[in-house]
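Chains as they are written, first to last, in the numbering used here: chain A, 90 to 292; chain B, 15 to 160.
Be careful, since some hints might not be right.
Below, in silico cross-link-like pairs of lysine-lysine (DSSO-like), each with a Cα-Cα straight-line distance of 30 angstroms or less [to be verified]:
#1 B:K108 / B:K80
#2 B:K114 / A:K150
#3 A:K283 / B:K103
Bear in mind the hints are in silico, worked out from the structure with no lab data behind them.
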Amino acid sequence: MKKLAILFVIPLFMVGCEEVQKIDTTNDTGKQVMSLDYRDFDQAASQMIQSLLSSGTLAKKDGSRYVVATSKVTNDTMQRIDTDLLTAKIEQDLMKSGQVVMTSAVGGKESNRDDTVYNMRETRDSSKGEEFKQETLPQKGQIISPELSMSGKIYQRNLRYDKDKQQVEYYFQLKLSDVKTGLRFWQEEVLIGKRGSNKSVAW
Amino acid sequence: MKKCLLLSFFVISAVLLNGCKEYDDKRVNLDTGVKSDTLANNALTRPVYGAFSLLIGEGIDLKDVKVFTNDAGFMEVQVTGYNRAVYTKRFDYKVEWLDKNGVVVDSKASTWRPVSAKSRNTFSFKTIAPSKDVVNFRMNTRKTPE
Chain A
90 MKKLAILFVI
100 PLFMVGCEEV
110 QKIDTTNDTG
120 KQVMSLDYRD
130 FDQAASQMIQ
140 SLLSSGTLAK
150 KDGSRYVVAT
160 SKVTNDTMQR
170 IDTDLLTAKI
180 EQDLMKSGQV
190 VMTSAVGGKE
200 SNRDDTVYNM
210 RETRDSSKGE
220 EFKQETLPQK
230 GQIISPELSM
240 SGKIYQRNLR
250 YDKDKQQVEY
260 YFQLKLSDVK
270 TGLRFWQEEV
280 LIGKRGSNKS
290 VAW
Chain B
15 MKKCLLLSFF
25 VISAVLLNGC
35 KEYDDKRVNL
45 DTGVKSDTLA
55 NNALTRPVYG
65 AFSLLIGEGI
75 DLKDVKVFTN
85 DAGFMEVQVT
95 GYNRAVYTKR
105 FDYKVEWLDK
115 NGVVVDSKAS
125 TWRPVSAKSR
135 NTFSFKTIAP
145 SKDVVNFRMN
155 TRKTPE
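Chain A with its partners taken away, still in its complex shape:
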C-alpha cells in the first residue's frame, strides 16, 4: 500500500517542480519553431516600419500628420492569429515617428475601434446627455475622417521539401491606400521561410 502511494505521489511532485523559464525577449537565442512566434512578428513588423518610413509616403509637405485607419488584415494561415500582433507594432512606431495619427473612430476590426467614440454620441442624444456638462460632449461633425487606410494579409504556404522535411512559407503583405482617391501609395511583402521536420506542426 505504501509503495503504491509513493508511486503516485513522486510523479505528481516532479511535475510540480518542472522548470519554467521566462523568455529573454530582447536577446532570445531559443530554437526556431515551424509556426509563427513573436520573433517572426517582430521581424515582419520591423521590416514593414522601416520600408514605410524610408519610402517617404508619410511625409506631408506642410509637416502635418496623416490620419490613418487600420482596415482589415486577413489571417490566411492555418494558425489562429490575432493580426493585431503585427499591426499594433506598426501603428505604435508610425505614431512615434510623428508623421501619423491613428483613428479609433473607424477600422476593419473591432479592436481598432473605440466604442466610446459612438457611445458618447448616443448618450448626448439621449436623456442621459443632460447629466453631462454640455460643452464637454462631442458635437456633430467633429470626427476626422481617415486619409489613409492600412490593409493586408498574412498567408501561409506548406510545401514538401523531401521525405523527412517540410517547408513553410509565411507571406506578410501590407498596403497603404488613399481613402479619398482609392490610390495605393505603398505596399510591402515580407517573407519568412522555415524548413524543418515533417513531425513539426505548423498550425
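We have chain A already, so just place chain B on it with the hints.
Chain B in isolation, oriented as in the chain A frame:
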C-alpha cells in the same frame, strides 16, 4: 632559327594571354563555380582553402558606414561589409537609436534583424531611425542563433 622559333612562341603566347585577360569590374562579383577555375582556386585547392579559412576563423570585415538624413528628415544608416570566409555568414544586427541627449529612442523596429553575407562577397544593409529626434546610433551584432 631556334632563337627565332622561341621568340615567335613568346610573342604568340603573349598575344594569346593578352586576349584572355579578364575584364574586371569590382561592382560585379563572379562567384566560384560561375567564373573559370584558376591554378590557385580549383576543385583541388578549394577544400584546403575552406579548411584554412575555418581554422583561422575568417569572418566579416566592416568596410563603410554611411549616415545621411533622408528627405523626410529621418537618419538613415547604410553599413557595407565584406565576408572573407569561404562560407556564407549569417548574423543578426540590432540598432539602438539615440537622441541629442544620448537617450535611447524606443522603437518596435529595434529588434534583431537577419543578414546573410555570401562568401568572399561585399554586402550592404540599410536601416532607418524611427524618429526625427534621432541624432546618433549604436549597432550590435550577433551570430544568428541556429
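Against the structure, the hints come out as follows:
no.: 1; hint: B:K108 / B:K80; verdict: holds, 16 angstroms
no.: 2; hint: B:K114 / A:K150; verdict: holds, 25 angstroms
no.: 3; hint: A:K283 / B:K103; verdict: holds, 18 angstroms
The structure is consistent with each of the numbered hints, conforming to all of them.
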